[in-house]
Structure formats: C-alpha cells, structure tokens
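Quick note, the sequences are listed as chains Y and D, same order. Residue 238 in the working numbering sits at position 238 of the first sequence; the count goes up by one each step and never skips. One gets the working numbering by counting positions in the second sequence from 1 and adding 1000 to each.
Possibly wrong hints are sitting among the right ones.
[Said to hold, decoys possible] Pairs of lysine to aspartate or glutamate, DMTMM-like flavour, derived with a Cα cap of 25 Å: (1) Y/Lys3 / D/Glu1253; (2) D/Lys1295 / Y/Asp283; (3) Y/Lys160 / Y/Glu149; (4) D/Lys1289 / D/Glu1253; (5) Y/Lys3 / D/Asp1160; (6) Y/Lys160 / D/Glu1161; (7) D/Lys1225 / Y/Glu167; (8) Y/Lys151 / D/Asp1133; (9) Y/Lys160 / D/Asp1221; (10) D/Lys1089 / Y/Glu149; (11) D/Lys1170 / Y/Asp38; (12) D/Lys1170 / Y/Glu167; (13) Y/Lys227 / Y/Glu250; (14) Y/Lys160 / D/Asp1160; (15) D/Lys1225 / Y/Glu161; (16) D/Lys1241 / D/Asp1280; (17) Y/Lys277 / D/Glu1228; (18) D/Lys1225 / Y/Glu250; (19) D/Lys1158 / Y/Glu149; (20) Y/Lys3 / D/Glu1233; (21) D/Lys1136 / Y/Glu149; (22) Y/Lys214 / Y/Glu225; (23) Y/Lys277 / D/Glu1229; (24) D/Lys1289 / Y/Asp283; (25) D/Lys1136 / Y/Glu161; (26) D/Lys1090 / Y/Glu230; (27) D/Lys1170 / D/Asp1133; (28) D/Lys1158 / Y/Asp38; (29) D/Lys1170 / Y/Glu161; (30) D/Lys1241 / Y/Glu230.
[Unchecked claim] Chain D stretches covered by chain Y per the calculated footprint, using a threshold of three residues with CB under 8 Å from any CB of chain Y: (31) 1053-1063; (32) 1086-1092; (33) 1105-1117.
Please keep in mind that the hints were generated in silico from the structure rather than gathered at the bench. Built from N, CA and C at the ideal position, the CB exists for glycine as well.
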Amino acid sequence: MDKFRMIFQFLQSNQESFMNGICGIMALASAQMYSAFDFSCPCLPRYNLAYGLGILLVPPFILFLLGLVLNNNISMLTEEWRRPQGQRRKDPAVLRYMFCSMAQRAMIAPVVWISVTLLDGKCITCAFCTLVPLELLGNTSHPSLSQGEMKQVLARIPCKEIYNGQELIANEVAIRYLRCISQALGWCFVLLMTTLAFLVRSLRPCFTQAAFLKSRYWSHYIDIERKLFEETCAEHARSFAKVCIQQFFEGMSTDLVATHCHPPRKATANAGEATEKLLGITDQSTMNTALKSWHRCKPPLNLHPPALPSGNGWAGEEQPSVHAPVPQREIAAYYSQV
Amino acid sequence: MDRFRMIFQYFQSNTESVMNGICGLLALASMKMYSCFDFSCPCLPQYNMAYGLGIMFVPPIALFLCGLMLNRQSLVMLEEWRRPQGHRKKDLAVIRYMCSSIMQRAMVAPVVWIIVTLLDGKCLICAFSCSVDPEKFVGFANVSPVQVQQLLAKVPCKDDELMRNNTSRKAVSRYLHCWSQALGWSILLILIIAAFLTRWLRPCFNQATFLQARHWSNYIDIEQKIFEETCCEHSRLFAHKCILHFFESMQQEIKLHSFSLPREREGAGGEDNILCSITDQDQVNKLLKMWYNEKPPLNVSQV
C-alpha cells in the first residue's frame, strides 16, 4: 500500500504540472522547428501564395492536433461522453471544462509558431510579394510590362539571386516593406493573444465561480479514478499471475508424485522450507517437463477454489495441505491492503 | 534524489511507459542519423532516382525492424499466438490489440525519417530532377533531349562546373524543394489527423472489449515476467543445493581417503563442515579438478 500511495501522490501532484510541462516543451519545440526548417520560397507566381500561407497555417494546425493527441485525457473525455449512464449521472459542465482545458493547453504551440513566423517575416514576404504597391514603392517611369510578366518579376522578390526587376522596384525596398507589415501583424497578434488570455483568466471569477470549481473538482476526480482503477487492475493481475504460477507448479509436482511414485519427502526441520521453495522440482527432467508444459499447455485462467478467501460455502472443509496457506496468504494480504 | 528514484521506478514498473520511452528514443535517433548522414547525389541520369528513393525508403524499413526487435512485447505476442491451446483458450482480440500497439510504436521512427527527409528536400530533388518538365524553365527550354537529361541530372550538385551559377538550376531546385516540403507537411497533417481521430473516437467503438483486451494483454506480460522470476529463483535454490551436495560428497570422499581428520569437529555448523575437510591446497585443487571433470548430476531429490 505504501508503494501505491507513493505512486498515487506522484501522479496527483504532477498531473497538472505534467501537462503544463508537455505544453512548454511543445512550445519550445515549435520555435526550434521553425528555426530548423529550411524555408525556400518557390518564387513562381501561383506557388508563392500557396507556399507562404501553407507554412503559416498548416504547421499550427498540426501542432494543435498533436497537443490534443499527446493529452491522455482526450480519450477519457470521449469515454465519459459516450458511456452508458448506469448509476452515475453525467454532467455536461464537467465535459465542457475538460475540453476547454485541453484545448487551451493545445493552443499554445500553434500560437508560438504563428507569432514566430510573422515576426520573422519570410512567409508574408513570400506569400504577398506579388501584391506590393508599385505606385508607392516602384519606379513609375519604367516601361510597363504585361500583367503576367509583372507578376513573374515580382514573384522573384524573395529570391535575391534570381531577381531581375531592380529597375522596376528595388529588392531591398520591397522586402523591407513586406517585413515591416509582417512584423506589425506579428506584434498585433501577440498582443491580441495575451490580452485574450489575460481577460479569460482575470474575468473568470466574475462568472459562475462556484460552478467552475465544481466542474474542475469532478474532472480531476474522474481522471484520478481512472488512473487508480488501472493501477488496481495491474496489482490484481500481478497477484493473479503469482497464484496461477504457484498452482501450476503445485499441479506439476502432484502429477509427478502420482505418475513416478516418488517416495514421500522427508520433511526435516532444516530442509523443509528450502524444499518447499523448490516447488517440488528437484531434477533436470522434471524442470524440463515443467517448462515444456508451460509452453504447450498453459494453465487455465481460473484459480482453484482452495486458494480463494474462505467463503461460507466450504467452511466445513479441513485445512488444505502445506502449500495452500502460501497462496491464501497472498490473496488475503491483497484484499486487506485494499 | 528520491523523486528521481520514484520517477525511474514508476517508468520501469509500467511496461507501456518503457515502450513509449524506447519509441521516443528511436525517433530522436532517426532524426540524428539523418542529420549526420552525408547525402551525396550521384548526379547521373539513371542513378539519381535509385539513390534518392533508396535513401528515402530503405532506412525506414531498417528502423521499423529495429522498433519491432527492441519491443519486448513482440516476443510475448508471438508466443501467445503460436502456443498450443492447452487448458487456456486463446483470445484473438488480445493478440490483435498487442499487434496493433506494437505496430503503432514501431512506425514512429520510420515516419519521422520520411518526414524529415521530405522537409529537408535533398532526396526528392535528387530523385526527381530528371522528371521535371524542361519547358517551364528558361535555361533548359531549347536544348536537345539527351543533353537536357544530363543537365537536369546535375541540378542537385551545386558545385558542378556546368551548374555553379546557372539560375535555371536554382529555379528547378527551388521548385522541387517546394514540392518536397508541401508533400512532407501534407503527409504529417494526414497522419496527425488519423492519430487524433483514432484517439478521440476509440471509446465510441467497443470500449468494453478494448478494456478487456488491454487488461489481458498486460496480464500475459506480467505473468511471463513473474514466471521468469520464479524460474530464476528456483534455479538459484537448485544450484545452491546441488553445490552443497557436491561439497558434502567431496568431503565424504576425502574422509574415506585420509585418516587424519579431526572427528570432533563434525557436529559444527555448515561452513565449518565444508572448511574442515578441505583445508589444504591439494584438497582444494582436487575439488576444483573434480568440479571440472565430473560435474554433479542435476538431481537434488535425494538431498
């Protein structure tokens, strides 16, 4: 039970900090991914917009879904939503709380990506270079080109080494202009997000605080209950396996006594415990038979009645043989700990 | 320090966490391997595609097999699948659950490799530089087909004398790079959507069967571990008895051959008993030679 308590406290104390940690790591990973990513604008008229906006919007969507996938609570939410009502009512407020808290944490990495992208400027420069206002920045005395050719020339603005429109509009001028707009957009976006987050946090206690506290408590409760149930099942499986294996070895040695007519063991005081621990297997061929039998004929998932805690059914039977108290002790100990 | 020990114990006690850890490590190793690998495109018409696609697909297969091998559960699953039925019926749902969980974890590292390859772009540029339509690019428009193939094959090699300052080479390179990245992001998007839908919608289908399959697959794993521990414990005791028996039989043999043994010390405890009969170099040497030449039989039933 001590081990149980240690693990339980660890899980409980780190439940929120674990998800916050994942969230922080993903935000850092998002910034790192952007700097590692080799952005190369195609510099072709129709492709620029698709590429630029794609890099601006698709990775945040991926990061958002990844944030939801990594959160173990997503399947818990669906399970709570889809379970039959049974004897426990379902509270939609709890479900809404769970979903909101997961979505909020998952939004952080995409917001970081979009901010970093806008502040860096390459995406917007690539996407909107064909829409640069020529009358403002360009050389109006330049002989006019057809629309298509103009677009081709402007599309090459992000690619300095192949840009051939220096007379039409200076490359540095256009890039500076686009970067400036991109950075302005980036800072506005950051300001908007932080203002929203601030408002949500500071204004929440003004609205239905009691209902919020209730939802939060019961959502934590559902999470803890599920984890505890899984731990209990694991502990039960461990005890079940121990007893099953012990009964398997007992069954083996009983069979051997029956078939080979071994003389009864001299249970001397000193040798008794060691012999018991040897589980009745004292030579190579017996062990080989045991191993072969384990593979060929696994025991059924059905512990023998004498090993179960005594019910009223067989209260009248005499005490079982020397091996039975060991498994009985196991299960009795387990139940008493729970 | 206690906290670290607790964390370590927690992760070790839970097989799923260990497997997730291995999966993550393989994914990191895959990324590191790609960055350490020195990609060099051959820049020859027939070889480019083979090299490019080979580098893109062969290491993922190797990583997938590594992922299967490093996962302890794959052996457990195979054993459960192939064992004779005996007294315990086999549940196919459990085997299916184990198989799908093993496959999912083993697929992570290959997918990471393929996506990193596509986002980097070198493989695709190398493989498909000869397949680009030369009419789209000014520098390759009015060249004979054979020469065009040769020139296009050299696009991935920036340092080639013919291609060093060729703007059309850069244009083709950019074009392919853009397609490669678009493909990489698209594949990543599709996989993430699939993973999200799987996790989200799983409880809507057969949740009770799923919980049962998961429980019994954990049980089979735990049972195998406990069986191995029991066998280990048993062999330790067996060996202990066997060796004690050997020493006692040596002691009896020495008693038979030497008459100068102090008899009054026979009733002493176990350790003194062993020592007092084998007390000089010759006797020890004899014991060691006996141990090598004539190991005792694996049978402690008469002890």
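(request) Measure nothing beyond the straight line between the CA atoms of D/Lys1158 and Y/Asp38; if it is 25 Å or shorter, mark the hint as holding. (result) It holds: about 17 Å lies between the C-alpha atoms, which stays within 25 Å.
(request) Would you mind confirming whether the straight-line C-alpha gap from D/Lys1170 to D/Asp1133 stays at or under 25 Å? (result) Holds, at about 15 Å.
(message) Given the hinted pair D/Lys1089 and Y/Glu149, is their Cα-Cα distance within 25 Å?
(response) 75 Å, violated
(message) Against the 25 Å threshold, does the CA-CA distance of Y/Lys227 and Y/Glu250 hold or violate the hint?
(response) 35 Å, violated
(request) Quickly compare the C-alpha distance for D/Lys1158 and Y/Glu149 to 25 Å and report which way the hint goes. (result) Judged against 25 Å, a Cα distance of about 28 Å means the pair is violated.
(request) For the pair supplied as a hint, D/Lys1225 and Y/Glu250, confirm whether the alpha-carbon distance does not exceed 25 Å. (result) It holds: about 19 Å lies between the C-alpha atoms, which stays within 25 Å.
(message) Need the status of pair D/Lys1225, Y/Glu167: alpha-carbon distance at most 25 Å?
(response) 77 Å, violated
(message) D/Lys1225 and Y/Glu161 were given as a pair; does the straight-line alpha-carbon distance stay at or below 25 Å?
(response) 64 Å, violated
(request) For the pair we were handed, D/Lys1170 and Y/Asp38, check the Cα-Cα distance against 25 Å. (result) With Cα atoms ~15 Å apart, D/Lys1170 and Y/Asp38 stay inside 25 Å; holds.
(message) Given the hinted pair Y/Lys214 and Y/Glu225, is their Cα-Cα distance within 25 Å?
(response) Within the cut-off at roughly 16 Å; holds.
(message) What's the verdict on Y/Lys160 and D/Glu1161, does the C-alpha distance respect the 25 Å limit or exceed it?
(response) It holds: about 22 Å lies between the C-alpha atoms, which stays within 25 Å.
(request) Would you check the hint for Y/Lys160 and D/Asp1221, treating anything up to 25 Å between C-alpha atoms as holding? (result) 60 Å, violated
The structure does not agree with the numbered hints 1, 5, 7, 9, 10, 13, 15, 19, 30, 31, 33 stated previously, though it agrees with the rest.
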